[in-house]
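Trainee: Here the sequence shown is numbered in this note's numbering, starting from 1 and rising by one per residue.
Incorrect hints may appear among the rest.
Straight-line C-alpha distance at most 20 angstroms; calculated SDA-like pairs for lysine to any residue [as the list claims (entries may be wrong)]:
1) Lys126 to Lys162
2) Lys126 to Ala172
3) Lys167 to Leu116
4) Lys100 to Lys124
5) Lys6 to Ile33
6) Lys162 to Met115
7) Lys167 to Pro114
8) Lys6 to Gly20
9) Lys100 to Tyr156
10) Lys10 to Gly20
11) Lys52 to Arg90
12) Lys124 to Lys76
13) Lys162 to Leu125
14) Lys24 to Lys52
15) Lys126 to Glu77
16) Lys17 to Leu44
17) Lys6 to Val23
Just so you know, these hints were derived from the structure itself, not from any lab. Treat the numbers as computed from the prediction; the structure is a model and nothing was measured.
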Amino acid sequence: MEYYGKQVNKLIEELAKLPGIGVKTAGRLAFHIVGMPKENVEALAGAISSAKDNICYCRECYTLTDSNICPICADKERNHNMIMVVENVRDLAAYEKTKKYDGIYHVLHGVISPMLGVGPSDIKLKELMVRLQNNDVDEVIIATGSSLEGETTAMYISKLIKPTGIKVTRIASGVPVGGDLENVDEVTLLRAFVGRTVL
């Protein structure tokens, strides 16, 4: 049933396709957007379009950036001998919020999940191994989630890296089983980082 006409319903429909946005929230957002001044709507639409056109993967760590190298990888003050491996860019952001980790990252863009048909070649593992060959890295911290897939991925990475002689550690428990790192508070993330164990 179309209550508001095709244009409003189309806007609600498109917004509802975003992750975590249900139909009710999409409706509230749509009404807010419709009520915004035209220049604000154009600025929002322009920002979305520009982001899509200009954002790419960092050629080092594979986070999202608008240049070849992200600000973290380009920062000479960071410890480039320590790489934290995370599942996605949201997990990277979660650790950055702690303001206690001064190393660099590697974003996998997923985890190994045979049930979903995701194998080692479907995530950025090959790229991680190339980085380890080409750089002087002392420690790799595996910070994948504590789900079955996260643990499977952690063990797989550990087996790949162990023969290189690079120290491999795993963030400590304290992060809830099956929980996403992006939803964990900063104190718990910090304790997980500080309490990491050697694999």
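Trainee: Next step is simple, just say for each hint if it's right about the structure.
Mentor: Going through the hints against the structure:
1. Among the hinted pairs, Lys126 with Lys162 is consistent with the structure: their alpha-carbon atoms are about 15 angstroms apart, no more than 20 angstroms.
2. Using a Cα cut-off of 20 angstroms, the hinted pair Lys126 and Ala172 is violated, with the two alpha carbons roughly 25 angstroms apart.
3. With a C-alpha separation of about 30 angstroms, the suggested pairing of Lys167 with Leu116 is violated against the 20 angstroms cut-off.
4. As the CA atoms of Lys100 and Lys124 are separated by approximately 25 angstroms, the hinted pair breaks the 20 angstroms bound.
5. Restraint check: the Cα-Cα separation between Lys6 and Ile33 comes to about 16 angstroms, which is no more than 20 angstroms; the hinted pair holds.
6. For a cut-off of 20 angstroms, the pair hint linking Lys162 to Met115 is broken: about 26 angstroms separates their Cα positions.
7. Taking the CA atoms of Lys167 and Pro114, the gap is near 27 angstroms; set against the 20 angstroms cutoff, the hint is violated.
8. Proximity of Lys6 to Gly20 is assessed by CA-CA distance (about 23 angstroms); at most 20 angstroms being required, the pair is judged violated.
9. Our distance criterion of 20 angstroms between C-alpha atoms is broken by Lys100 and Tyr156, whose separation comes to about 27 angstroms.
10. At roughly 18 angstroms between alpha-carbon atoms, Lys10 and Gly20 fall within 20 angstroms of each other, so this suggested pair holds.
11. Straight-line distance between C-alpha atoms of Lys52 and Arg90 comes to about 18 angstroms, which keeps the hinted pair within the 20 angstroms bound.
12. Of the supplied pair hints, the one linking Lys124 and Lys76 is violated, its CA atoms being roughly 24 angstroms apart against a limit of 20 angstroms.
13. Annotation: proposed proximity of Lys162 to Leu125 holds, straight-line Cα distance about 14 angstroms (limit 20 angstroms).
14. The suggested pairing of Lys24 with Lys52 is violated, with an alpha-carbon distance near 26 angstroms, which exceeds 20 angstroms.
15. Proximity of Lys126 to Glu77 is assessed by CA-CA distance (about 26 angstroms); at most 20 angstroms being required, the pair is judged violated.
16. Taking the CA atoms of Lys17 and Leu44, the gap is about 17 angstroms. The hint holds against a cut of 20 angstroms.
17. At most 20 angstroms may separate the alpha-carbon atoms for a hinted pair to count; Lys6 and Val23 meet this at roughly 15 angstroms.
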